[in-house]
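**Student:** Residue-level listing of the chains:
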Amino acid sequence: DQQVKQNSPSLSVQEGRISILNCDYTNSMFDYFLWYKKYPAEGPTFLISISSIKDKNEDGRFTVFLNKSAKHLSLHIVPSQPGDSAVYFCAASFYYGGSQGNLIFGKGTKLSVKP
Amino acid sequence: DTAVSQTPKYLVTQMGNDKSIKCEQNLGHDTMYWYKQDSKKFLKIMFSYNNKELIINETVPNRFSPKSPDKAHLNLHINSLELGDSAVYFCASSQSTRGYPSPLHFGNGTRLTVT
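Residue numbers (my numbering), protein chains in the order written: chain A, 1 to 115; chain B, 1001 to 1115.
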């Protein structure tokens, strides 16, 4: 049972335009969300996160939006660059108050940014 | 000066063999993980160690045995390999905090192929 879903396996965008990657989750107890980026033959690298007390977090060209009522988050990349071409994973977790939690990952969306 | 390094990068072996994957992190983190990315591309946690103590052990066959000789190392030993064990195995580390999980730092993965 997928608790974190990325329903678009791939996305193609023109350089300079906005890339929007979507993620849905089913467990309403999740309250912390992360995006990871992965290049071929490398491990995922952390990109940006958001806690449930916020609905938006921005870091340079990357913005994550959280809609708790819809159990939906999205990652916006503006402007998109060819170097952004990678697989993007959405992950969710819980507030745990002192011990390490477990990240639940989606299947990823492969973003291709065309020059 | 790789932060999380795992060896080997590729591992091809026959069914029934025993193999090990090694992982080392030089970030000074106190928590290390093994994740498995299967053919469906899901990244799923297998084990988590905090200060050499096992804290997460998901439903993994007991043919898989993690060993943490110190905080900087977490090795994965697999006995009696099966075809279904073929996957990419990622090691990761993080620093435990009170509250939300700190981002994971992943190694570049070990692609295990069982023939």
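Just so you know, the hints here were simulated from the structure itself, not pulled from any lab data.
Just so it is clear, the structure is predicted and the values come from calculations on it, not from any experiment.
Hints may be right or wrong, so weigh each one.
The calculated lysine-lysine pairs, modelled on DSSO-like cross-linking and capped at a C-alpha distance of 30 Å, are [to be verified]:
#1 B/Lys1041 x A/Lys114
#2 B/Lys1009 x B/Lys1071
#3 B/Lys1067 x B/Lys1044
#4 B/Lys1009 x A/Lys110
Covered by chain A, per the in silico footprint, the following chain B stretches (three or more residues, Cβ under 8 Å) [unchecked claim]:
#5 1011–1023
#6 1066–1078
Partner residues are not named here, just some residues of chain A that face chain B (Cβ under 7 Å, in silico) [said to hold, decoys possible]:
#7 Glu42
#8 Pro44
#9 Ser93
#10 Phe105
#11 Gly108
#12 Lys110
Every residue gets a Cβ at the ideal spot worked out from N, C-alpha and C, and that includes glycine.
**Student:** Does each hint hold? Answer for all of them.
**Tutor:** To see whether the hints hold, each was checked on the structure:
no., hint, in the structure
1, B/Lys1041 x A/Lys114, "holds, 24 Å"
2, B/Lys1009 x B/Lys1071, "holds, 22 Å"
3, B/Lys1067 x B/Lys1044, "holds, 19 Å"
4, B/Lys1009 x A/Lys110, "holds, 23 Å"
5, 1011–1023, "violated (count 0)"
6, 1066–1078, "violated (count 0)"
7, Glu42, "holds, 5 Å"
8, Pro44, "holds, 5 Å"
9, Ser93, "holds, 5 Å"
10, Phe105, "holds, 4 Å"
11, Gly108, "holds, 6 Å"
12, Lys110, "violated, 10 Å"
Violated hints, in rising order: 5, 6 and 12; the structure is consistent with all others.
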